[in-house]
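Visitor: Below are the chains, spelled out letter by letter.
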Amino acid sequence: NAGVTQTPKFQVLKTGQSMTLQCAQDMNHNSMYWYRQDPGMGLRLIYYSASEGTTDKGEVPNGYNVSRLNKREFSLRLESAAPSQTSVYFCASSEVRTGLFTDTQYFGPGTRLTVL
Amino acid sequence: GQQLNQSPQSMFIQEGEDVSMNCTSSSIFNTWLWYKQDPGEGPVLLIALYKAGELTSNGRLTAQFGITRKDSFLNISASIPSDVGIYFCAGPSNAGGTSYGKLTFGQGTILTVHP
Chain Y
1 NAGVTQTPKF
11 QVLKTGQSMT
21 LQCAQDMNHN
31 SMYWYRQDPG
41 MGLRLIYYSA
51 SEGTTDKGEV
61 PNGYNVSRLN
71 KREFSLRLES
81 AAPSQTSVYF
91 CASSEVRTGL
101 FTDTQYFGPG
111 TRLTVL
Chain H
1 GQQLNQSPQS
11 MFIQEGEDVS
21 MNCTSSSIFN
31 TWLWYKQDPG
41 EGPVLLIALY
51 KAGELTSNGR
61 LTAQFGITRK
71 DSFLNISASI
81 PSDVGIYFCA
91 GPSNAGGTSY
101 GKLTFGQGTI
111 LTVHP
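Protein chains in written order, with the numbering used here: chain Y, 1 to 116; chain H, 1 to 115.
Since the hints were made in silico from the structure, they are not lab data. Please note that the accuracy of each hint is not assured.
Said to hold, decoys possible - Taking lysine to any residue pairs in the SDA-like style, the calculated list, with each CA pair at most 20 Å apart, reads:
1) H:Lys-51 x H:Asn-22
2) Y:Lys-9 x H:Gly-53
3) Y:Lys-9 x H:Asp-38
4) Y:Lys-71 x Y:Phe-10
5) Y:Lys-9 x H:Asn-22
6) H:Lys-70 x H:Gly-53
7) Y:Lys-9 x H:Gln-37
8) Y:Lys-9 x Y:Leu-78
9) Y:Lys-9 x H:Lys-51
10) Y:Lys-57 x H:Gly-40
Stated by the list, open to error - Pulled a few chain Y residues facing chain H out of the computed Cβ check, cut under 10 Å:
11) Thr-7
12) Met-27
13) Asn-30
14) Tyr-35
15) Ala-50
16) Tyr-106
17) Gly-108
To be verified - Which chain Y residues stay away from chain H? Per the calculated CB distances, all over 12 Å, these:
18) Val-4
19) Lys-9
20) Met-19
21) Met-32
22) Pro-39
23) Gly-42
24) Tyr-64
25) Lys-71
26) Gln-85
27) Thr-86
28) Pro-109
29) Leu-113
30) Thr-114
Here the structure is a predicted model, which means the values were calculated and not measured. Note that the Cβ used here is the ideal one computed from N, Cα and C, for glycine as well.
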């Protein structure tokens, strides 16, 4: 049981390049999330998917797009990378049963992205 | 938007000491969560609090949901080297209306434990 997996673990891009960060979960969770982590800023939500086939913006969506490919997979795409997108990116998933807020969010190990 | 402020930002302690950290919000939360992030890993949930005044323990960790519902506290007793990491508080995010499990995180408290 792998939980939440992310690829790649590390990536270096040049300004203007594009890339897709992959995330998959094997816990049959409905909801999935993408966060970025910057020093002193905590984790900030980029996009989330409440269920298969739906996606919505979070706190910091500019410069990113997402795809909920199926129930297992949720990808994050940078179309034209900028140095301000240098960060650690985390994917998470949770069950989110109706009427019960806080099912645990399970996080992947992160992708460390540097944009030069 | 909602903001969670954690203090202190960092702590350097000796093994065996007790640790206290807190999290405050400008708005009321009905759930408080505490996560720990080990170096190079993703955050892991430590404790969840659902009721004002609630005090919950998980081993050497104790967390409290403040009675004003605008703050929460985390204490670690008799610290050990593996307590090193970043501790985050979090609460439900109301951005966009429905929660859908979205979280707002504090900026984290970095804990260093010297053997």
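Visitor: Could you check the structure against the hints above and give me the numbers of any it violates, in ascending order?
Guide: The structure breaks hints 2, 4, 5, 9, 10, 11, 12, 18, 19, 21, 22, 23, 28; every other hint is satisfied.
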